[in-house]
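Chemist: Sequence:
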Amino acid sequence: MTETLSNRSKWTYAASGLGRDMMYALYSTYLLVFFTDAIGVSDWELLAIGVVIAVARIWDAINDTLMGIIIDNTKSRYGKFKPWLLIGAITSAIMFFLLFQDFGLTGGRLVLVFTIIYVLSDMTFTMNDIAYWSMYPTFTSDPKERESIGSKARIFANLGMFITIALVPIIYQNFAAGPKAAFFWIALVIASIYLISQILVFFVVEPPKNHLVIENQPKTAFKDVLKIIFKNDQLVVIIIAIFLFNTGYYVTTALGIYFFNYDFNKYGGAEFTIFSGILALSQLASLSLFPVVAKKISRKQIFTYAIVFIAIGYLLFLMVGNLLPLNMVFVGLAGFFVFFGEGFIQVSVLVMLADTIEYGQWKLKTRNESVMFAINPFVVKLATSVQVLIVTATLAWSGLNQKVIEPLTSARELAASVGQVFTTDQARSLIQANVTDEMLLWLRISMVVLPALFILGAFLVYRTHYKIDYQLFDQIKKDIEKDLQKGDTQ
613 MTETLSNRSK WTYAASGLGR DMMYALYSTY LLVFFTDAIG VSDWELLAIG
663 VVIAVARIWD AINDTLMGII IDNTKSRYGK FKPWLLIGAI TSAIMFFLLF
713 QDFGLTGGRL VLVFTIIYVL SDMTFTMNDI AYWSMYPTFT SDPKERESIG
763 SKARIFANLG MFITIALVPI IYQNFAAGPK AAFFWIALVI ASIYLISQIL
813 VFFVVEPPKN HLVIENQPKT AFKDVLKIIF KNDQLVVIII AIFLFNTGYY
863 VTTALGIYFF NYDFNKYGGA EFTIFSGILA LSQLASLSLF PVVAKKISRK
913 QIFTYAIVFI AIGYLLFLMV GNLLPLNMVF VGLAGFFVFF GEGFIQVSVL
963 VMLADTIEYG QWKLKTRNES VMFAINPFVV KLATSVQVLI VTATLAWSGL
1013 NQKVIEPLTS ARELAASVGQ VFTTDQARSL IQANVTDEML LWLRISMVVL
1063 PALFILGAFL VYRTHYKIDY QLFDQIKKDI EKDLQKGDTQ
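Take the sequence shown: its letters are residues 613 to 1102, numbered as in my numbering.
In case anyone wonders, no lab produced these hints; they're calculated from the structure. Some hints here could point you the wrong way.
Listed next, with one range per pair, are the computed distances between beta-carbon atoms [stated by the list, open to error]:
| id | residue 1 | residue 2 | range |
| --- | --- | --- | --- |
| 1 | 940 | 843 | 43 to 53 Å |
| 2 | 623 | 1041 | 44 to 54 Å |
| 3 | 706 | 793 | 15 to 25 Å |
| 4 | 889 | 1097 | 29 to 39 Å |
The calculated lysine-lysine pairs, modelled on DSS-like cross-linking and capped at a C-alpha distance of 25 Å, are [claimed, not checked]:
| id | residue 1 | residue 2 |
| --- | --- | --- |
| 5 | 839 | 1015 |
| 6 | 1090 | 756 |
| 7 | 839 | 687 |
| 8 | 975 | 1090 |
| 9 | 908 | 756 |
| 10 | 839 | 1094 |
| 11 | 839 | 622 |
Where is the CB? At the ideal position from N, CA and C, for every residue including glycine.
Taking the hints into account, I'd like the entire structure generated from these sequences.
Modeler: Okay, here's the thing in structure tokens:
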């Protein structure tokens, strides 16, 4: 049976990832930068913020699963996904905007207000995130069509991410009114783009095409969730692999701006933007090539080659400034290899996660897109919580925050208060005078060595335990079709 989503729906769904990942990149990459470089927080405030983010994931474990159940059990004229997609988009856009505002608070009050807004931002974004990605496996059961839609969605998502990553440093480091005002406008513009993109998905994208979707399925009870998750052994494998891989990836990207500012000492320059452009091109290339490459070799081979690219990139990162010159040529080459391989893994994981839905339906005779895709945002958030702990601990433990970042932030604020511009050359001179080799060593270990270990762990888990290939998936589809014909869907 041919299941093809219309081009209008396919491109609207995929393109909306641009706004979603612009906002998520601002949140995941620059939230700590906002507190260190714009507001200026002490070591204990920075560590407290990191702990809040990590502890908030305990609630996320419950909240994401509950949201998945709620969405799976929703019945409305717009289907079960779209109402929550829109509600989540409106509320999370507001919360994400508030995260990047300076309320003039310090100490315990700063941490308390941050905690409230942060938890609400997570809860509201979960509504949108689970609904958005749960739609994906309902479009088609054709593996090739899934790979095509998935690669397009990841292309736009990564484009949005790299637009944010590339432009934010130039804007906040050179904004005449200072970093606080810069983040106000950045957050407002990005939140607006995100909201508009989700409104378009609500009104344009068509209903599901996947003929394996069970109509009028009995409601899912909370007590059944653990069975749905843990009896799906392939889902468990993907959960572990996603967590390990994303933790490594997010640590590298979050520390990237600190690497350019304090190791490369290119604060306020265009080097990080150039680097982001290289990364964008490398990932867009791999995401575009994925459907083509998938026709030639198996997914396990794709995953293996991707890990080889990433390993080469991390090795180059270790060598620049030591065995190789610390310049844009070698730094850009290292980034190209890391993110070219990472792009292939992004699509692989997305498609494999979708395949575990049919696998679970095959084993358990029940289909739960939202419950199972609720796992993805939870694991991503769990990975970012570990990332935040590693980043905050690195900045505090190494002395970078207290001895370099705080003096730099104070100098910028002092200059802005008297109407003067704190120049890039002044910033770089201050950094060079305060940074030490020990600080840079800790930064390099956290940005390269730890992520490499996490990603290697993800690869080993996937290679040894994931078993769904094209042949097994084809058999799963045939068996499900027989069950549906018999009415065996209980």
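Chemist: Decide, hint by hint, whether the structure agrees.
Modeler: Each hint, compared with the structure:
no., hint, in the structure
1, 940 x 843: 43 to 53 Å, "50 Å, holds"
2, 623 x 1041: 44 to 54 Å, "49 Å, holds"
3, 706 x 793: 15 to 25 Å, "20 Å, holds"
4, 889 x 1097: 29 to 39 Å, "52 Å, violated"
5, 839 x 1015, "51 Å, violated"
6, 1090 x 756, "17 Å, holds"
7, 839 x 687, "23 Å, holds"
8, 975 x 1090, "13 Å, holds"
9, 908 x 756, "12 Å, holds"
10, 839 x 1094, "24 Å, holds"
11, 839 x 622, "33 Å, violated"
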